[in-house]
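K.L.:
Sequence:
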Amino acid sequence: PEDTSELVDILKRRQASVSKQVVSKNFMWSTAGTMTGLVWWSFRRYNYQSRLVALPFVFYGGTFVGRVLGDIITGRNAEYARDRFLGQLPAKIYYAPPAES
Numbered sequence: 001p002e003d004t005s006e007l008v009d010i011l012k013r014r015q016a017s018v019s020k021q022v023v024s025k026n027f028m029w030s031t032a033g034t035m036t037g038l039v040w041w042s043f044r045r046y047n048y049q050s051r052l053v054a055l056p057f058v059f060y061g062g063t064f065v066g067r068v069l070g071d072i073i074t075g076r077n078a079e080y081a082r083d084r085f086l087g088q089l090p091a092k093i094y095y096a097p098p099a100e101s
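Positions 1 to 101 (my numbering) are the ones given, in order, by the sequence shown.
Each hint should be verified, as a subset may be incorrect.
[Claimed, not checked] Label pairs and their in silico Cβ distance ranges: (1) 53 x 9: 16 to 24 angstroms; (2) 75 x 10: 17 to 25 angstroms; (3) 42 x 4: 52 to 60 angstroms; (4) 16 x 49: 33 to 41 angstroms; (5) 78 x 10: 37 to 45 angstroms; (6) 22 x 80: 53 to 61 angstroms; (7) 29 x 53: 17 to 25 angstroms; (8) 95 x 53: 46 to 54 angstroms; (9) 95 x 65: 34 to 42 angstroms; (10) 91 x 29: 18 to 26 angstroms.
In short, the hints are calculated from the structure, not lab data.
The beta-carbon is built from N, C-alpha and C at its ideal position, and this holds for glycine as well.
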């Protein structure tokens, strides 16, 4: 049977947030790589020094563009702040209730 307790709901929301974050990172790197490749191709008539000067800046800018695109595509930009906070919590931290003396 399906468990509908609040703890399971929190865990499912955290899992969904982590999943969105991981998929969003893939869009970040692929967008940066695509933008860098397009700049390399568009500078094909120039010497290699001009390409090498432009590539790091375009790649760095592409990570920001890719992060925004990834957030939009995965729906992470519409995520509640609580869910995003749950997704940023570290894994494998166990709750130990205080010992009663």
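K.L.:
Please flag the earlier hints that this structure goes against, numbers listed from lowest up.
P.N.:
1, 4, 5, 6
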